[in-house]
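Engineer: Sequence:
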Amino acid sequence: MISEHFKNMLGQKSVIRSMNAKAFEQGEKIGHENIFNFSLGNPSVPAPACVNETMVKLIGETDPMQLHGYSESHGILEVRAAVAAYLEKTYHLPYKADHVFMASGAAGALAHAFRAVVCPGEEIITFAPYFPEYGPYVHETGAILRVVPADTESFQINFEAFEEILNEKTAAILINSPNNPSGIVYSTATIQKLADILYAAQKKFGHEIYIISDEPYREIVFTGVDAPCISSFYDNTLMCYSFSKSISLPGERIGYVAVNPACKDAELIIHMCTQISRGIGHNCPASLIQLTVAEVLGQTADLSVYEKNSDILYRELTRMGFSIVKPGGTFYMFPKAPIEDAGEFCNKALEYGLVIVPGDSFACKGYFRIAYCVPTETVERSIPQFEKLAAFYGLGGK
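Residue numbering for the sequence shown follows our numbering, beginning at 95 and increasing consecutively.
Among these hints, one or two may not hold up.
The calculated BS3-like cross-link candidates involving lysine-lysine, where the alpha carbons are at most 25 Å apart (straight line), are [to be verified]: (1) Lys116 to Lys190; (2) Lys298 to Lys287; (3) Lys402 to Lys123; (4) Lys101 to Lys402; (5) Lys101 to Lys116; (6) Lys263 to Lys358; (7) Lys420 to Lys402; (8) Lys287 to Lys442; (9) Lys101 to Lys190; (10) Lys442 to Lys459; (11) Lys116 to Lys430; (12) Lys107 to Lys482; (13) Lys442 to Lys190; (14) Lys287 to Lys263; (15) Lys298 to Lys263; (16) Lys430 to Lys459; (17) Lys358 to Lys298; (18) Lys358 to Lys420; (19) Lys358 to Lys183; (20) Lys402 to Lys358; (21) Lys482 to Lys459; (22) Lys287 to Lys402; (23) Lys123 to Lys101; (24) Lys430 to Lys420; (25) Lys442 to Lys430; (26) Lys116 to Lys358; (27) Lys107 to Lys442; (28) Lys107 to Lys358; (29) Lys107 to Lys123; (30) Lys116 to Lys151; (31) Lys420 to Lys123; (32) Lys402 to Lys430; (33) Lys297 to Lys402; (34) Lys430 to Lys482.
Because the hints were derived from the structure by calculation, they are not lab data.
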């Protein structure tokens, strides 16, 4: 008998993927050259040359048994040591190899972090707007996801609502900064206040509360934006990182969990991750890509295009009358739709070749996400279509 649970999940497909599919359908009608697909968060700039150069060097110079063999369950030791050294140098925290577990991207890192510090029936709190896949990620662990409503004025944390939800069942706080979908970066003041609340809550409830920090956009921060390292403010922090965005390697599925050295049982948590792998069928990323990223730590793709695209869209859409909290990073922005039903608005946008994603699945009704990880030329050509859409809704453009 097939699993009814996963069969039923087929009716709950990602709205992001659904809009991407509609882009193809609309392209068949009006011509694919007239489609401006802002649905998927897929990096639009190539990986830096050093990535391919390193892979070629490794293939030519490394013992094939090492290059293509299984790594140990934690990941290759010298890779973990290199990651730890990079984190120590960058964030001035005493990371060592025993604090790092190599994983299949940020999703794999989160899968291990959730299971390491949260038991079935306990609660994980996250903040709207949030990446919709957090729902199934958390649900499949047996934990409960609680969502704090958005502060739509700033998309910083809604602390009043957060303190109402925080309770003795809270085991972890899941945060994502820079944020998908809003593009907002949590400020130093926000992170400090969150840490203060959690230190007090640990004393009140008599148990650890962890921050699980989802950081795939860590390097995509715009000029002059305050972007604190969360682990520097709170001891019980598990950093979940992916190389997908910083060096444009989403298809390679490579990332890590880095447990703050000051976290209670930090080394034990990393060892526990090897046993979690046994339960979820994960047994380390490919050795070749582990060895590659170890040699290019600190390098990035040309991320400047994202800030350029953001500046164009923010300037032009606000001129048209859209209300937007200005992004501080990532390659997303999250404008307010001119009508309450963002799904209806996004379907109307399709008629103009604009593929955008309604905010309902991000737990923020009435908003929509633009993923501007596309060539700047595409952004520029989309502006007249946004103008037509704005005019249809009678927005007060200049």
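Engineer: Where does the structure disagree with the numbered hints, that is, which hint numbers, in rising order?
Structural biologist: 1, 3, 4, 8, 9, 12, 13, 18, 20, 22, 23, 26, 28, 30, 31, 33
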